[in-house]
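There are 2 protein chains.
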Amino acid sequence: MSVVETAGQVLRDGAFGHATALSCRECGHQVALGPFYACPECFGPLEISYDFPAVTREEIEAGPANIWRYKALLPVPSDIELSPNMEPGFTRLLKAHNLGRELGIDNLWVKDDSTNPTNSFKDRVVACALSAATELHAKVFACPSTGNLANAVAAAGARAGIKTMVFIPANLEKPKQVNSAIYTDSLVAVNGNYDDVNKLASEIAGEEEGWAFVNVNVRPYYAEGSKTLGYEIAEQLGWRLPDQVVIPVASGSQLTKVHKAFQELIKLGLVEDKKYKIYGAQATGCGPVATAFKAGVDAIRPVKPDTIAKSLAIGNPADGIYVLDICRETGGAVEEVTDDEIRDGIVLLARTEGIFTETAGGTTTAVLKKLVETGQLDTSLETVFINTGHGLKTLDAIADKVGAAATIDPSYDAFKASGLI
Amino acid sequence: MSVVETAGQVLRDGAFGHATALSCRECGHQVALGPFYACPECFGPLEISYDFPAVTREEIEAGPANIWRYKALLPVPSDIELSPNMEPGFTRLLKAHNLGRELGIDNLWVKDDSTNPTNSFKDRVVACALSAATELHAKVFACPSTGNLANAVAAAGARAGIKTMVFIPANLEKPKQVNSAIYTDSLVAVNGNYDDVNKLASEIAGEEEGWAFVNVNVRPYYAEGSKTLGYEIAEQLGWRLPDQVVIPVASGSQLTKVHKAFQELIKLGLVEDKKYKIYGAQATGCGPVATAFKAGVDAIRPVKPDTIAKSLAIGNPADGIYVLDICRETGGAVEEVTDDEIRDGIVLLARTEGIFTETAGGTTTAVLKKLVETGQLDTSLETVFINTGHGLKTLDAIADKVGAAATIDPSYDAFKASGLI
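Protein chains in written order, with the UniProt record's numbering: chain W, 1 to 421; chain P, 1 to 421.
Think of the hints as simulated: they come from the structure by calculation, not from any bench. What you were told as hints is all true, and nothing was included just to trick you.
Any copy will do: because identical chains look the same in the list, a pair fits if it lies in one copy or spans two.
Result set (SDA-like, lysine to any residue): computed pairs, CA atoms no more than 25 Å apart in a straight line:
| hint | residue 1 | residue 2 |
| --- | --- | --- |
| 1 | K95 | A62 |
| 2 | K416 | D196 |
| 3 | K174 | D396 |
| 4 | K174 | A406 |
| 5 | K199 | A405 |
| 6 | K174 | K401 |
| 7 | K260 | Y276 |
| 8 | K294 | A318 |
| 9 | K139 | E208 |
| 10 | K95 | I162 |
| 11 | K163 | E209 |
| 12 | K174 | A399 |
| 13 | K401 | T338 |
| 14 | K370 | Y276 |
Computed from a prediction, not measured in an experiment: that's the story for all the values here.
Only chain W is shown next, with the shape it has when bound in the complex:
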């Protein structure tokens, strides 16, 4: 590769690793790698294209215990480890013995991303966005968000030492503000809802030079970070693909990227080619993709979100149509569950596997249960579901559901009399 110029900037050799271009997912038109996200021909979404070298399992296994072990498959430079970053990923893939028994699934695994640096999968995508921002010489690293993304961007920006601005709705609860404000003195509260904040972000991205909004103008790089969930699942299973995967759907990006990751691993010969089914999980209060799936239609009708699963509350999911395609093609499904089922899902996962998930993970757990109950999931097949975030961030959702079993006086006699044993 040689030095290329994009958006008026000189990029260093290998700035984006083995990525070769941005390709439109709709019309296939290609543009040079740069801070672009929409096709200039048809306004379709741009996605990274690569020319991968031969990559071996051994090379990957010799890498660090974080997402950079897959750096050859990401749009990042080969010296990515040298740039201060959060070093996310390579989280636990746990055999879910108890939950499997409870649900009647023979062979169940949970991929637990709640132990990422800021306790959600967002650390993966933000790490890739940060690399793109750095390579594109961005002056400001920014995002609009109400939760996990804000935490991840604020933390990664602090560690990288890049100017960071995080835009949140002004009425966001104080604890959630603290989770981001702790990392940055540039948290900006905006009078309005998340849509207003998002619109402001796009406006700033259009007006200001050198701003990298992780989920706007460097979104193609950002989104690639979710592929690492797929790579890790395959590697941690011993370099093979599972039969079924259940993934929460907000924008839908994560689900499409796990599929992309599996396909890449097959093409690179790192896993055996096999059929697998992909399932999407949504909340009934924001289930536009599930609704379209069940209706058997291709068009997704936007909804106004009304669910406790705030991190899944995207009423008009950008990648919804791709989620539909993938779930239909692979023989999976998209299912939705009510807020009560989500709360039950949170408690179920904690009580069976010792994992405290946020509402998004409660949604995925509850959808897994519903897929079994409705006969949509084959309980004899190896199944993985993804927990994307931590329950400490959404304590309110279950604060009234759990508590002490008894209150006793501090004596052995009082304990014996309590009936607890």
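With chain W held as given, fit chain P onto it using these hints.
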């Protein structure tokens, strides 16, 4: 090894790995491995003795990305991975470029245990206690606690499918109760303070057969889990010891175990023998070890804790005298900081390295700063400090310290007028 009988129970071959006995740290008297914690001769604390086999770096590196990669050096069976457990450890060792620059330390690292399964180092020790409880055929897995330990025990017990009872003070704040209650329906609220809860636990341990209280009667096994912090630091530095380590001191166990781990690695030839200094970090509101260190005395005078660093608030630390010995012998120190310094420490670590720590980590960060300012730490030497837990659990401590930089209307003009850029 052959099958041994202890406390009336038949243990399976290799139940405790290469551990050979429980040895009194005071008089050296040895007893058979079992649910014992105090020397029958002198009431001194019992500690695990081993007969280690030859262990190579390669064997360890080929192990899983959790504490079981060091299973040959822990009192656990060789098939420990087969028992459902939290799979904690192998957390990030991050180069702290920004904080190092801020404090004037050339070569600074932070070992970040906030990304453990329940977000504190307690997952390490509880995993070892759980193994001991299982091998000893305990009926109930239990602890008295107000925080991190309760979370870790409740989660590990749920995943292991063992009956679990967690005792907390009844006046513990609701969010902290939820962090444990989410995992178990056997959370017991006790009318009284932590001392009362602790006393009740000892009473139950004495009265009931088959209860494993992690920090009481299986404490020797439990405490060994902290060695893995030392092993990981050495391995992640490339199989060498740092020059200086700063470690928070509650009971003092963690500090003594990191020292023990370093000594074991030297004896096993896994790292080069070298001098290193160990420093202890306490809060001024509960600094009995720091007080004794500064006074140059051997006896530790118990205090009544009064600090925001609740997880360090042990007024009569069991391992305090060993901490004094180690810090003096290695040329380190024990230092303390005020609650205001602790709060500043939390913000400093977040703003420089993107790590949101709890009050204990704020204490360690602030002590690190103070050690530099008072000339007690050599800023030219490679230094590691340990972050033991997550700030999401102690939000209240800094909720009034951080927040939005500005509140604006949702327009580009309003943003421009805000003076933020």
